[in-house]
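With the sequences and hints as input, model every part of the structure.
Here the protein sequences line up with chains B and A, keeping their order.
For the first sequence, my numbering begins at 1 and goes up steadily by one.
For the second sequence, my numbering begins at 1 and goes up steadily by one.
Please keep in mind that the hints were generated in silico from the structure rather than gathered at the bench.
Incorrect hints may have been included.
Put simply, identical chains are the same to the list, so a pair is met inside one copy or across any two.
In silico SDA-like links for lysine to any residue, alpha-carbon gap of 25 angstroms or less [to be verified]:
no.	residue 1	residue 2
1	K136	I66
2	K52	Q22
3	K351	L259
4	K52	T26
5	K217	D261
6	K220	I46
7	K52	F251
8	K52	T120
9	K220	H330
10	K354	L47
11	K136	E343
12	K354	Q249
Since the structure is predicted, the reported quantities are computational estimates derived from the model, not experimental observations.
One-letter residues, chain by chain:
There are 2 protein chains.
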Amino acid sequence: MKVYLDNNRASLLDTQVLEAMQPIYTEHYANPSALHTPAIAARVPILEAYEKIRSSIHAKPEEEIISGFSADALHCRLLIATYLGTIITGQKNQIILSSSESEAVLETAAYIASQGCRVTLLPLDSNGIVDLSLLKQVITPKTALVSLTMVDSQTGAIMPIDEASQICAEYEVPLHSDTTHAIGKLPVDMQMLGLDYLTLSTETMHGPSGTAVLVVKEGKILPNLLLPPSNRADLVGLGKALELAVDAQAFEMEDVRELRDTLEEAIREIPQSLIVTPWALRTPHTVMVGFKGVQSEALVWELNRHGISVSAEKGHTLIAGIGQDRNYTHTLVSFALSRYTTEEEIDYTIKKLKEAVTLIREERIQ
Amino acid sequence: MKVYLDNNRASLLDTQVLEAMQPIYTEHYANPSALHTPAIAARVPILEAYEKIRSSIHAKPEEEIISGFSADALHCRLLIATYLGTIITGQKNQIILSSSESEAVLETAAYIASQGCRVTLLPLDSNGIVDLSLLKQVITPKTALVSLTMVDSQTGAIMPIDEASQICAEYEVPLHSDTTHAIGKLPVDMQMLGLDYLTLSTETMHGPSGTAVLVVKEGKILPNLLLPPSNRADLVGLGKALELAVDAQAFEMEDVRELRDTLEEAIREIPQSLIVTPWALRTPHTVMVGFKGVQSEALVWELNRHGISVSAEKGHTLIAGIGQDRNYTHTLVSFALSRYTTEEEIDYTIKKLKEAVTLIREERIQ
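As structure tokens, then:
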């Protein structure tokens, strides 16, 4: 049996997404900037994709959508644009980020710091939730940007964007959030959340990889940094994937959650296991766990021998204060289900997971 | 009847390319950097695509392939890398380009010039062929790079890369060529041509748009400039499109050429027409023509009314010395056929073209 539970890194493309993309290749292939009718027709599906993106996150028609290759690349672009726009000019002097941002984003932040800007990284608490007490202490009217991922890709932890948004509003500081792992799992409303910038990519929601968008609140302007836009067919796929993800939200919150909970209960039955983020603070499809004495990679490999794909987690979240119990260092593994996951697959996974943990622990003792 | 003759800007995706891309979405969607079997399997089609790219242009296994969004973006990256690698350090002091390069490339060259580097643009002669006499005059051992498009996208003019390569070799100067409009129309052999860098994209050869590669000769190293790589499905599509384009070369050189020649003869029968590049110096599927007194846009629109898509040409080539006859300023239109073009479509185009030219000329006189 093949069971794919690494959906927070990449996911099966929905056949409806593929069907939406196909006409761009076979029918609307003309260069949209040409003068003839096929070029004009080629603009229609792009405009429709923009509409789908807007309605999925409640963006207004005035809000600009910039496409790109990945949410990370667009996030880095936003950081550089902020640096060039308001920091280098002396208007602002600080950027505040969650410490759980991706490596590419943290590297860009480190570059900005090396140029003399104050960069503050907010730590995660022991539940994997970003700690806003530091935000309250360090934010000033001269803060150029606060940037917090909405849902952690590894733990599924839901960050308090609402609260961060209120703090930012008080100081009139723009707020950005990468909502990739939130959409389709919980409601994402750009206006309600009070976001000035929102990024998302759809490879984890059954859309094409290599496609992302940055949505810019009305009135905010970003310098053009010459990053290439995404491929047109992929942008249309992203629009469709978003629409389907929002449609499937109730299914994720009920049916997928039920399957994840079945897996989670079985995990809790395994002695000396540690689930990082509490149930109520997590998206419905994810559970990250460590088994004492069971190294992540060993478990990933052993499950893989039985056709089960999961993700070994390391780095950021540990550094950020999760799993401070040394017994669980290098043991974290993330299970990420999807709307395609079946009961049969979860039952099989539970059986093989229990066997794998026992086997690896026995081998260690010998 | 619908006739699409704008194939040098964008082209119908070959169904075989779409079939090659589909499994990346539906089967090999796992992130290739993960540890499990699906991830390892996902690397296979990528490696196969690299093989197809190498064999299409006779690149050696040691030669690095860098993927990106467009041939232009990769070309700009090469210019910046050359600037950072050898010019800023004072080792070299000059870049030589064809004046018919794209706007993005010329802008990047202008930036480098503004930083104090000597940038020489080689003009096109009245046939639309790059003039190498200036290259011989200005090249020195301190030239950092010579960059010449292999085939002009508008006229289809074939540039003397062989000769340029000999000149560059004499001074040990690296040579780059964008071969996008040459592949599948004439043989492209990276070793025979003596190229150090080769770029190509496949949207004009029935491959996916938004995908390109830069091939780097063994031993040459480029600094990583953080440009995103292309989407995996698109890279696989590019590999397949290249393979099919090379397979179809004989068909292009005989059957497509015959259709193009039928169109070309009919064009010559229209009084006061000017075909820019001589027949023997052009790729088999393209013809660029001006009709005295018939403005490009007027002709594009009139043909479009009858379902025929062609391209209005302006800017670069004119500036570069083509069509110096003032009667033909702003009259140039490019017809670019493909392996999907039919005899019926060409007969229809000839009929409508003659009517359109007559109509527009009559309207001008009234």
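Against the structure, the hints:
Proximity of K136 to I66 under the C-alpha cut-off of 25 angstroms is found in neither arrangement, the shortest distances being 31 angstroms within a copy and 44 angstroms between copies. For the homomeric pair K52 and Q22, the shortest alpha-carbon distances inside one copy (17 angstroms) and between copies (23 angstroms) are both at most 25 angstroms. Proximity of K351 and L259 under a CA criterion of 25 angstroms is satisfied intra-copy only: 14 angstroms inside one chain copy versus 66 angstroms between copies. Taking the shortest Cα distances, K52 and T26 sit within 25 angstroms of each other both inside one copy (22 angstroms) and across copies (23 angstroms).
In the homo-oligomer, the alpha carbons of K217 and D261 never lie at most 25 angstroms apart, since the shortest distance is 37 angstroms inside one protomer and 54 angstroms across protomers. For the homomeric pair K220 and I46, the shortest alpha-carbon distance inside one copy (23 angstroms) is at most 25 angstroms, but the shortest distance between copies (39 angstroms) is not. Taking CA atoms no more than 25 angstroms apart as the test, K52 paired with F251 passes inside one copy only; the shortest distance there is 20 angstroms, against 42 angstroms between copies. Taking the shortest Cα distances, K52 and T120 never come within 25 angstroms of each other, neither inside one copy (35 angstroms) nor across copies (47 angstroms).
Taking the shortest Cα distances, K220 and H330 never come within 25 angstroms of each other, neither inside one copy (42 angstroms) nor across copies (39 angstroms). In the homo-oligomer, the alpha carbons of K354 and L47 never lie at most 25 angstroms apart, since the shortest distance is 50 angstroms inside one protomer and 36 angstroms across protomers. In the homo-oligomer, the alpha carbons of K136 and E343 never lie at most 25 angstroms apart, since the shortest distance is 44 angstroms inside one protomer and 72 angstroms across protomers. In this assembly of identical chains, the alpha carbons of K354 and Q249 never lie at most 25 angstroms apart, being 30 angstroms within a copy and 58 angstroms across copies at closest.
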